[in-house]
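Student: Residue numbers (the working numbering), protein chains in the order written: chain S, 35 to 148; chain Y, 4 to 117.
Simulated from the structure, these hints should not be mistaken for laboratory data. A few of these clues could be false.
What the hints assert, rightly or not - Label-pair ranges, simulated between beta-carbon atoms:
| id | chain 1 | residue 1 | chain 2 | residue 2 | range |
| --- | --- | --- | --- | --- | --- |
| 1 | Y | Pro11 | S | Met36 | 43 to 51 Å |
| 2 | Y | Lys45 | S | Thr120 | 37 to 45 Å |
| 3 | Y | Ala73 | S | Asp72 | 39 to 47 Å |
| 4 | Y | Ser61 | S | Ser101 | 38 to 46 Å |
| 5 | Y | Glu20 | S | Tyr84 | 41 to 49 Å |
Claimed, not checked - Taking lysine-lysine pairs in the DSBU-like style, the calculated list, with each CA pair at most 30 Å apart, reads:
| id | chain 1 | residue 1 | chain 2 | residue 2 |
| --- | --- | --- | --- | --- |
| 6 | S | Lys116 | S | Lys96 |
| 7 | S | Lys104 | S | Lys141 |
| 8 | Y | Lys59 | S | Lys141 |
| 9 | S | Lys103 | Y | Lys45 |
Backbone N, C-alpha and C fix where the C-beta goes; we use that ideal spot for every residue, glycine too.
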Amino acid sequence: DMKVTQMPRYLIKRMGENVLLECGQDMSHETMYWYRQDPGLGLQLIYISYDVDSNSEGDIPKGYRVSRKKREHFSLILDSAKTNQTSVYFCASSLSQAANTEVFFGKGTRLTVV
Amino acid sequence: KTQVEQSPQSLVVRQGENCVLQCNYSVTPDNHLRWFKQDTGKGLVSLTVLVDQKDKTSNGRYSATLDKDAKHSTLHITATLLDDTATYICVVGDRGSALGRLHFGAGTQLIVIP
């Protein structure tokens, strides 16, 4: 059963705390993504990873960093969380970026920074 | 500037009725276009992908069209069911390679009532 798993599903953190969002996929996909989704906006790309230790900034990388030490795991790290990082974070993976390659999304992590 | 615009923003239909969702975009190049369904609190699930200059796809009660000259796509849902209640998101891929980016619309919220 092909899937992308995100942990945790819900998280509340205080401003200034560190945050670790985990993502795993069981499809041996090379490409993985972290997005955030805010009301009224389309998903925005934070980081993209093309394989182990091959990561590139997306459109809104400021305040975030990522780690991919194994192909099946991709972590998003917020060092010193800010209230404007309250959002729903989605991880996704795809075999490649070819047009007919399906993109699989996790169920999301709802992060609240207070 | 938003490169993928979806309309309407929200839509209410009665079960059994048909509906049409619109997507206009300015992404260049426009390699492919996907429609996703996002149930409340869940991840995105791919419904269909369109690739050709003028393309049509059909997936059960979902059918979609793409006109790259007009940079316009439609998603038709026939004989709607209560389970069709969700947000439908249009996504344009700007390349077919690993360097490509996905551009997300904000979605159309469809509510199907009995």
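Student: Compare the structure with each hint and give your call.
Tutor: Hint check results:
1. A hinted range of 43 to 51 Å for the beta carbons of Pro11(Y) and Met36(S) is inconsistent with their spacing of about 33 Å.
2. A hinted range of 37 to 45 Å for the beta carbons of Lys45(Y) and Thr120(S) is inconsistent with their spacing of about 19 Å.
3. The supplied range of 39 to 47 Å is broken by Ala73(Y) and Asp72(S), whose beta-carbon atoms lie about 29 Å from each other.
4. For the pair Ser61(Y) and Ser101(S), the supplied restraint of 38 to 46 Å holds, since their beta-carbon distance comes to about 41 Å.
5. Hint check: Glu20(Y) to Tyr84(S), Cβ distance near 44 Å, so the stated range 41 to 49 Å holds.
6. As the CA atoms of Lys116(S) and Lys96(S) are separated by approximately 11 Å, the hinted pair is consistent with the 30 Å bound.
7. A C-alpha spacing of about 21 Å is found between Lys104(S) and Lys141(S), which places the hinted pair at or below 30 Å, so the restraint holds.
8. At roughly 29 Å between alpha-carbon atoms, Lys59(Y) and Lys141(S) fall within 30 Å of each other, so this suggested pair holds.
9. The hinted pair formed by Lys103(S) and Lys45(Y) meets the criterion: a straight-line CA distance of about 27 Å does not exceed 30 Å.
In this structure, the earlier hints numbered 1, 2, 3 are contradicted, and the remaining ones agree with it.
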